[in-house]
Amino acid sequence: MDNNAQLAVQLRGITKRFGSFTANDNIDIDIHFGEVHGLLGENGAGKTTLMNILFGLLHPDEGTITVKGKKVMLKNPESAKKAGIQMVHQHFMLAMPFSAIDNIILGHEPTEHKLFIDRKSASEEVKKYCDICGFQFDCNQKVEDLPIASRQKVEIIRALYNKCDILILDEPTAVLSVQESDELLDVIRRLKEQGKAIILITHKLNEALQVCDEISVLRHGKLIETRKADEFTKETLAMAMVGRRVLFDMPERVNLAAMEPLLEFNDVSTGNRKNDLKNINLELKQGEIFGIAGVEGNGQKSLVETILGLCEITNGSLKFAEKDIKMYTKRQIINLTSHIVEDRHNEGYLNDFTVTENMLLGRQREEQFAGGHTSINDKAVERYSNDIIEQYDVRVSSLKTLGKSLSGGNQQKLVIGREFTKPEAKLIIAEQPSRGLDIASTEYVQKCLIKMRNLGKSILLISADLDELMSLSDRIAVLYEGRVAAIGKTSDFNDKQLGMYMTGGGTDER
Amino acid sequence: MSLIIAVVVGGIIVACLGYKPLEAYRALFKGAFGSGSGWVQTFAQFTPVMFTALAYTISMKAGICNLGAEGQFLAGAMGAALAGVYIPQILPYPIGFVIPLIVGVAVGIGIGAIVAALKYFFNSDIMLISLMFNYVLTLVTNWMAKGPFQGEGVNPTTAPIDPSVYMPLLKKSSQLSIGFFISLAVAIVLQYFLYRTSAGFEFRVVGSNPKVARYNGISSNKILTRALLISGGIAGAGGAVMVLGVNHNFIINLSPGYGWDGVAASLLGGGEPLTTGIGAFIFGAMRAGSVYLGRKTSIPADFISVIEGILIIFIVTPNILKGLSLRNKKEEMKK
Amino acid sequence: MSIMSQFISTGVFAATFRMMTTVGFAALATLMATKSGIMHMGQEGLMLLCALAGVAGEYFSGSVLIGILLAIVVGIGFNLLYALFVTTCRGDHVVVGVGINFFASGITALMIMAFWKKAGQSDTVEGIAKLSIPLFKKIPVLDAVLGSQNVLFYILILAVVVLWILIYKTPFGLQMRVAGELPLAVACTGKDVNKIRYSCMAIGGILFALAGANISLGQTKAFSKGMISGRGFVALAMCMLGRNHPVYAFFACMMYGYTEALQLRLQGQGASNELLQCIPYVFAIVVIAISGSLRNPAALGKPYPEDAN
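Taken in sequence, the protein lines are chains Z, U and X. The first sequence: position 263 = 264 (this note's numbering), numbered continuously. The second sequence: position 8 = 16 (this note's numbering), numbered continuously. The third sequence: position 266 = 299 (this note's numbering), numbered continuously.
These aren't lab readings, by the way, just hints derived from the structure by calculation. A few of these clues could be false.
Okay, the calculated beta carbon distance ranges per label pair [to be verified]:
| hint | chain 1 | residue 1 | chain 2 | residue 2 | range |
| --- | --- | --- | --- | --- | --- |
| 1 | X | Glu339 | Z | Met74 | 40 to 48 Å |
| 2 | X | Ser181 | Z | Asp353 | 52 to 60 Å |
| 3 | X | Glu339 | Z | Gln498 | 39 to 47 Å |
| 4 | U | Phe37 | Z | Met74 | 30 to 38 Å |
| 5 | X | Gln300 | U | Val197 | 21 to 29 Å |
| 6 | Z | Asn316 | X | Ala331 | 30 to 38 Å |
The list that follows gives simulated cross-link-like pairs (lysine-lysine, PhoX-like), each with its CA atoms no further than 20 Å apart [stated by the list, open to error]:
| hint | chain 1 | residue 1 | chain 2 | residue 2 |
| --- | --- | --- | --- | --- |
| 7 | Z | Lys302 | Z | Lys331 |
| 8 | Z | Lys128 | Z | Lys143 |
| 9 | U | Lys28 | X | Lys151 |
| 10 | X | Lys335 | U | Lys219 |
| 11 | X | Lys150 | U | Lys304 |
| 12 | U | Lys28 | Z | Lys331 |
| 13 | X | Lys228 | Z | Lys76 |
| 14 | Z | Lys143 | Z | Lys164 |
| 15 | Z | Lys490 | Z | Lys286 |
| 16 | X | Lys150 | U | Lys28 |
| 17 | Z | Lys331 | U | Lys219 |
| 18 | Z | Lys205 | Z | Lys71 |
| 19 | Z | Lys302 | U | Lys219 |
| 20 | Z | Lys320 | Z | Lys427 |
| 21 | X | Lys202 | Z | Lys115 |
| 22 | Z | Lys448 | Z | Lys423 |
| 23 | X | Lys151 | U | Lys304 |
| 24 | Z | Lys229 | Z | Lys193 |
| 25 | Z | Lys380 | Z | Lys401 |
| 26 | Z | Lys205 | Z | Lys69 |
| 27 | Z | Lys205 | Z | Lys235 |
| 28 | X | Lys228 | Z | Lys143 |
| 29 | Z | Lys320 | Z | Lys331 |
| 30 | Z | Lys286 | Z | Lys324 |
| 31 | Z | Lys69 | Z | Lys193 |
| 32 | Z | Lys405 | Z | Lys423 |
| 33 | Z | Lys423 | Z | Lys458 |
| 34 | Z | Lys458 | Z | Lys286 |
| 35 | Z | Lys327 | Z | Lys302 |
| 36 | X | Lys228 | X | Lys151 |
| 37 | Z | Lys128 | Z | Lys69 |
| 38 | Z | Lys121 | X | Lys202 |
| 39 | U | Lys219 | Z | Lys405 |
Think of the CB as a built atom: it goes at the ideal place given N, C-alpha and C, for glycine as much as any other residue.
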């Protein structure tokens, strides 16, 4: 590695706030050409925000950016492009119904006679880049028909086509299989050898250590440290990412043998796509916390939707409290389930409704509120809302405040309060329950989960935070491409093994 | 605020054509509010618009753009007109109107059901279908009035309905019937439904975010169907009220565009049942004033459409002034 | 003539082309808006204004070309105004459409009174003459079908071809289509999304002008109050039926034109006129219904950028 490699980007003092929440706090980073610079951190650490600033999608509140020796104001992605910066987003920025090549050449179409798009020369140039990367796909296929790994290739080719010399990759392997991830890492090495500067955002330790030359770690918006990759070990890297967390004592493990199952998955399949369940055999006993580990997109959504009755079971059967799931109406399942959703804005929270109304969501038919088919019992609703606000520390100025005015953390607390106080709920599905919460609130939520467990409820805990999973769960299963890759008591696993199962490594690598 | 701008802009535009805007506005005002009979007419014109506006409002609350109020209005009107003639009258005046009114509502619901069925089975686009239905229903009801159901004489109307089913008037020899109060009652019921009942809550959730509805056990299909049925019924009621209270038969071209007035009034009012009344009031006043305008001045009654158009764009377009000045700011920033 | 033969006579086809021209232009104009992300509900208003402009232009200048030119100016002007309201001013597309329709119906009626001092209808003008192409006279069938068309029908076909090339073969067309689907992607390449939308609406304005001119100058040779009477919405429906594609929309309009021509032809033969007039609309409903969900560009109706800071 060349210690005198040319400076590509210098970030100095970058600070970005969203309201009272500081996403990036005074960050200084140097990126060099011919190197892969890893940007690591947990969800919410500020990595994507920082890179969106570099790509011109966001403006920093403070700080300066210097690219190739010149100070720049990246007002928009066009400025970033002029500076040679391109980004491959985690959630691709591709127009689905259009062909790959159309997406690649958009804005810089080669023309014939200055009027018509010259697709022939476009294909040739695209092929050139594909060869450099070792890609093979049909450029004329519509993006929506391409598999996810290919869509990512399209984004990479687009970046190269736009003549970038600084390439940002945001969690590129999040949606790839093991083999595809390896291929991608190869491509990254190749591009590095061409002299490009690559910034790799990831939370996967192995990957970072494999391919990066330098690594910067972010935590809660601050830069913790930047070091050469070979100066890190997995343990020190993980420690830097996670910090010294306030972990309470391991909760008492319940005696599992005596409990009856609340949920019984018997060879359940829902389809053939990557995220579909395939031959799932799983039991959730009453009074236990069952952790589901796995990279996003490996079946967790299907698992949840199958329980809620929103996903068709093509094979096998699912029993909820001894009854087949098909015998329940959706409303009954809602009453029996406390669901802390992963994606509030598309699943469990209404921005344009008031705080009180959000508290009612999913519970509007309960006796205490609805009282038959006549009017909503205002007093009961108000009392209930105030109770939750107090017990779950939801900071709002008034019950009539609109949902969108609450901070993310408070929104989450509202949802948790609403869900945990459902009178008939036996099952708790907690998806990423502490995402967006500060340490104290996280601790509170985790204590709540334990309390619920001790009250005899069953909890399905789906979390990307391995620490959380391992400290709370009694048992853990790892989902990989819709199958159970591993299942057992938490005490039987360590995080190294879990990581392996999550990324497709088999038992032979123990 | 926007009202003033709309009035001024409208005035300037027609002045360019050689009309006298002040005279126009004065006439409008006088026609709508200048006398007792003016007010009566204002409320009378308010009534049909209120019905169609509420029909649009309730659909929008569930997330559907149902533009078919015009057609459903006419269908309900025809239903009531025929019921008033051919169904034996068992109830005496003044409550005789109830049966034809119910028939009118039922016909409106029926049309809504057809649209809902098409949506359910084919997932068709409601906006377009309801729109096309307007033209079909206008033609069909006109045909019925000129053809098989024509009353005696040469006029293109259905037979006059039995006097026992007349809707009682609030003022003698006017067009203002108790339908006015019925429309207000419907608005109150809808407001109550949406905000004070669990079913109404679910309604609004579907309209706000169908994905969230799905995750919370609320069936979008059921709610959308209900919305179409309710909407059709309300529009049909409007038509029935028109026939029972004012015309006492169905005359061709019964509706001078109440359907579109309703859409505009709902948008003006902000999309809530009670505030829709404000929009309907403005449109009602405009129509009332326009008659006077057309009669007493040389300015055609169509002037009101000019104002109405400008009005709804200015009032409902949030940043219209901001937008125009924002553009200038953006140019400056780029430099 | 037996009923059956009326369905496929040359007269019907000739009428088909006559009927479809107005709606065809309007559908093309609508699709220019839709594909770039603007939901256009104001076809009725635009066509009314252009129709009047055409007649007024010819009446006061004596030249039909000036009439058409004035219609074009008016069309571009109001369509750009529509664009202004929905892009820069971030207005709701439905509201602006309904507003323009109201405004146009009112102002055109006022103008009739102002210009011609009578209510309801303007004086007549020469209008656009039928285009008689000598080549066709040699082939009786062609002559029967095409001999009575005016030049605008041929311009419509030209427009379909030009638009098809523009939308699918040029850089502008690609950017415009992506602007309607994922404007962020366009913005990231540095192109101005709203400028693209304005350009599309300007082109649409020209098309609306031809639509209006065809009906007022080409067919009735005068302007009467409310003369568009629903054709604007039919154009919207045909545009969506044609999946916002110029060629498919053209054929959708042709099918509509056929039903319209048929209904006119069948009048006066016993069945009621009103019921016959239902045919085109019922046809539209049936076709729309069975088409199921009509996929529109994903960003349709949303301003760019979505949040107003």
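Cross-check of the supplied hints:
A beta carbon spacing of about 23 Å between Glu339 of chain X and Met74 of chain Z contradicts the range 40 to 48 Å that was offered as a hint. Remark: the range hint 52 to 60 Å for Ser181 of chain X to Asp353 of chain Z is upheld by a beta-carbon distance near 56 Å. The given range of 39 to 47 Å is respected by Glu339 of chain X and Gln498 of chain Z, whose C-beta atoms sit roughly 44 Å from each other. A C-beta distance of roughly 55 Å is found between Phe37 of chain U and Met74 of chain Z, which places it outside the suggested range of 30 to 38 Å.
Distance hint check for Gln300 of chain X and Val197 of chain U: the Cβ-Cβ separation is about 45 Å, which falls outside the suggested range of 21 to 29 Å. Taking the beta carbon of each, Asn316 of chain Z and Ala331 of chain X are about 34 Å apart, inside 30 to 38 Å as hinted. A hinted pair counts as satisfied when its Cα atoms are at most 20 Å apart, and Lys302 of chain Z with Lys331 of chain Z qualifies at roughly 17 Å. This hinted pair checks out: Lys128 of chain Z and Lys143 of chain Z have alpha carbons roughly 17 Å apart, not beyond 20 Å.
A distance of roughly 17 Å separates the Cα atoms of Lys28 of chain U and Lys151 of chain X; the hinted pair therefore holds under the 20 Å criterion. With a C-alpha separation of about 19 Å, the suggested pair Lys335 of chain X and Lys219 of chain U falls inside the 20 Å cut-off, and the hint holds. A threshold of 20 Å between alpha carbons decides the hint, and for Lys150 of chain X with Lys304 of chain U the separation of about 16 Å falls inside it, so the pair holds. Pair hint Lys28 of chain U plus Lys331 of chain Z does not hold up; C-alpha atoms about 64 Å apart against a cutoff of 20 Å.
Restraint check for Lys228 of chain X and Lys76 of chain Z: the C-alpha separation of about 18 Å stays at or below 20 Å, so the hint holds. Annotation: proposed proximity of Lys143 of chain Z to Lys164 of chain Z is violated, straight-line Cα distance about 23 Å (limit 20 Å). A distance of roughly 13 Å separates the Cα atoms of Lys490 of chain Z and Lys286 of chain Z; the hinted pair therefore holds under the 20 Å criterion. At most 20 Å may separate the alpha-carbon atoms for a hinted pair to count; Lys150 of chain X and Lys28 of chain U meet this at roughly 15 Å.
Between Lys331 of chain Z and Lys219 of chain U, the direct Cα distance comes to roughly 14 Å. Compliance with the 20 Å bound is thereby established for this hinted pair. This hinted pair does not check out: Lys205 of chain Z and Lys71 of chain Z have alpha carbons roughly 33 Å apart, beyond 20 Å. The hinted pair formed by Lys302 of chain Z and Lys219 of chain U meets the criterion: a straight-line CA distance of about 14 Å does not exceed 20 Å. Of the supplied pair hints, the one linking Lys320 of chain Z and Lys427 of chain Z holds, its CA atoms being roughly 14 Å apart against a limit of 20 Å.
Distance check on the hinted pair: Lys202 of chain X and Lys115 of chain Z sit about 12 Å apart at the alpha-carbon level, within 20 Å; holds. The hinted pair formed by Lys448 of chain Z and Lys423 of chain Z meets the criterion: a straight-line CA distance of about 18 Å does not exceed 20 Å. At roughly 16 Å between alpha-carbon atoms, Lys151 of chain X and Lys304 of chain U fall within 20 Å of each other, so this suggested pair holds. The straight-line distance between the Cα atoms of Lys229 of chain Z and Lys193 of chain Z is roughly 16 Å, inside the 20 Å bound, and the hint therefore holds.
Proposed proximity of Lys380 of chain Z and Lys401 of chain Z is supported: the alpha carbons are some 14 Å apart, at most 20 Å. Proximity of Lys205 of chain Z to Lys69 of chain Z is assessed by CA-CA distance (about 29 Å); at most 20 Å being required, the pair is judged violated. The straight-line distance between the Cα atoms of Lys205 of chain Z and Lys235 of chain Z is roughly 10 Å, inside the 20 Å bound, and the hint therefore holds. In summary, the hint linking Lys228 of chain X to Lys143 of chain Z is not supported, as the alpha carbons are separated by about 27 Å, beyond the 20 Å threshold.
At most 20 Å may separate the alpha-carbon atoms for a hinted pair to count; Lys320 of chain Z and Lys331 of chain Z meet this at roughly 14 Å. At roughly 14 Å between alpha-carbon atoms, Lys286 of chain Z and Lys324 of chain Z fall within 20 Å of each other, so this suggested pair holds. Among the hinted pairs, Lys69 of chain Z with Lys193 of chain Z is consistent with the structure: their alpha-carbon atoms are about 17 Å apart, no more than 20 Å. At most 20 Å may separate the alpha-carbon atoms for a hinted pair to count; Lys405 of chain Z and Lys423 of chain Z exceed this at roughly 23 Å.
In summary, the hint linking Lys423 of chain Z to Lys458 of chain Z is supported, as the alpha carbons are separated by about 12 Å, within the 20 Å threshold. A C-alpha spacing of about 9 Å is found between Lys458 of chain Z and Lys286 of chain Z, which places the hinted pair at or below 20 Å, so the restraint holds. A threshold of 20 Å between alpha carbons decides the hint, and for Lys327 of chain Z with Lys302 of chain Z the separation of about 19 Å falls inside it, so the pair holds. As the CA atoms of Lys228 of chain X and Lys151 of chain X are separated by approximately 42 Å, the hinted pair breaks the 20 Å bound.
Proximity of Lys128 of chain Z to Lys69 of chain Z is assessed by CA-CA distance (about 29 Å); at most 20 Å being required, the pair is judged violated. With a C-alpha separation of about 12 Å, the suggested pairing of Lys121 of chain Z with Lys202 of chain X holds against the 20 Å cut-off. The hinted pair formed by Lys219 of chain U and Lys405 of chain Z meets the criterion: a straight-line CA distance of about 17 Å does not exceed 20 Å.
Going through the hint list in order, the structure does not satisfy hints 1, 4, 5, 12, 14, 18, 26, 28, 32, 36 and 37.
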